[in-house]
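Just so you know, the protein sequences line up as chains A and B, in that order.
Anchor point for the first sequence: position 134 equals 134 in this note's numbering, and the numbering is continuous, going up by one each time.
Converting from the second sequence to this note's numbering requires adding 1000 to each position, the first position being numbered 1.
Just so you know, these hints were derived from the structure itself, not from any lab.
Mixed in with the good hints there might be a few duds.
[Stated by the list, open to error] 30 Å max Cα-Cα, derived BS3-like pairs, lysine-lysine:
1. Lys1172/B x Lys18/A
2. Lys1408/B x Lys1270/B
3. Lys1223/B x Lys1435/B
4. Lys1354/B x Lys1270/B
5. Lys1205/B x Lys1085/B
6. Lys18/A x Lys1085/B
Just so you know, these numbers come straight off a predicted model, no measurement behind them.
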Amino acid sequence: MSDILERPSAPPMQIDYKTRELTLKLVYYGPALSGKTTNLEALHELVADQHRGRLMTLETRDDRTLFFDLLPLSFETTSGLSVRIKLFTVPGQVMHDATRRLMLQGVDGVAFIADSQISETQSNLEAFRSMQRNLRDNGFVPEQVPLVIQFNKRDLPGVRSDAEIDEQAAHGSEPVFKAVALRGVGVLETLVGLFERTWSQLEAAHAIHEKFGVSPDDVAGEIRARLGLPGEAA
Amino acid sequence: VTFSPATLPTELAYGEVEGIESILDRESLTKVCRSIHDLFGLSIRLFSNSGALLADVHTEASICRYVNTLEAGRPACAEIVAQVKSVEADRDIVCHPCFTGAEYRVVPLRYQERLIGRAIVGPFLPVSRTQLPRSLVVLDDSIDKQLAAERLAELPRVREETVRRILDHLDKMLEMLVFASHRARLTSEMHVASVRESHRELAQKSERLEEAVERLRHLDELKSNFLATVSHELRTPLTSIIGYSEMLETGLAGDLTDEQHDFVRTIHQKGKQLLSLVSVLLDANRLERGLAALDFDCVDVAAVLRSVRETIRPAVDAKRIRLEIALEEESFVIVGDAIRIEQLFSNLADNAVKFTPPDGMIRLCARAITTNDFASGFGAVLLPRDRPAIEIRIDDSGQGIPPAERAKIFDAFYQVDGSKTRRHGGAGLGLSIVKSLVEAHGGSVAVDDSDLGGARLVVTLPVDGPLR
């Protein structure tokens, strides 16, 4: 019997004790055309069949996301814990703010997909502001929601330099990833980074280790291995 | 009044399917099953997880009809049907044999890694079955073996490999149907939820606006009352003190001794100081209540500085201070709260006038710069390194601020000259108000030595406003 555990400022997570099943909701947020759907498409290509379901896209005729995209992933850990991850995108266009707010309900972690092009800096900031507002409206404290930031479209001309991003990242508190989602570069790293950050926060809030006897490192390590990523960087 | 959006049902928030019977169209399901039945002669029944029959396409096999005419056949047949229905197939296809030698297959239907239902396919005859099985022969004494063999042979005969491929095909078709139906369901539900949420937001905004208008009207009344009380209770006696002491000082009530003259002058000066202190305290009080609700819009900082210059001109002229203003551009437009920005620079300018001696000099400069100074904290990485900003410097030829004091001057009620005999009045709130205002705009304020000999206050404000 699944129940939604709700605590102020702790992420809600779906836990089914009977079947030892955890369901995480991870949302890809960001400005219009920053590559949120492309991230999910790349993950759909990269993740082995047995770990992923069908990619569901709800889009308009001009290929813009209307409500959301959904890619379900699932991993059976060797300890018998079943981890289901629901990856959602939100529509980026400004007019869909109500939908974006709704999609953040029950979120466990957010990947903010920023467009690396210098010309898109303001759109990134606007989207980041809207994300904080929408999280707050849903009763979250934005600073406490597990967050990673991805700078996508690294292969385009006129983008912010690696050095600049690294320098700015040192001022911030969240992990930053660089990606070319269209070619699948950096998307797995972003997903795993978000998963690890989310999991450690869930661990702190729900003591998963104690209840299910699995350590966060083991689960993260297994998922890394299943996704074909090398072990955690030292 | 709750301001958060309506809670989505779990099914929608997580993109789950709670029961396929609610999303699948039974007619389409039946058509899919019928196409397979027509091609291969296989009977198919589909059940949801909760046991609801979703599709049933079958032809009663002649062997079954025959068995049901036998006295022992009817209960045996019912028993097999009950067994097949209760088979628990979770992940793999389960084969269930019948005493007639026919077989059933129970196919688990899975979606998004969860069991959503099952398909029961059969009865059919495996290719390997060539003789009547013993279980059928011994079923009833009255069995006609010849007839039973003929009827059994009429069952569809399918090779194992073909069964596997048919079931695989059926599974894929059903999964596709579930997926398409689920997508259609989510789309329509999200559509309704989004429209409802937009409506809620608009309704709430108009409700808030009405409340705000009402509150403002109320506050306006309170403020008028409060200010009236304060001016009456504090300012009226102060005005008398100032007025009478001034009259005494000018000799209107007769000549004073030098000592009396000094005393009266002190009373007069301190009275004026107290009056300005009351004004500052009122300002700080108002600021505290108002910071949470800054009204961001486009503000021309150059225009604000020119207006501040006019405001301080009488005080500057009285002290014969030279006031220079150097604006690099005609206008500097930023995102900010116009009233607060004016208050910010008024405070700084007042401070400069206060600390500059007679015949001294004050200089206001503003220029456009790019900076990375205030990029820190939540989401800082998203800020460009060269963020456009306006830098405003206020230089004076006063006593300056010693380096050791510079970190503390922005604290509320702090005074560099903390002695009881300090020369300059004030509540020590001016710079703390400045700092709160600058930070509310996402900017920074710092103090340095001025080339004019006194202090230089440097305010940097981002052009595009604060990040949050």
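Numbered hints the structure breaks, given as an ascending list: 5
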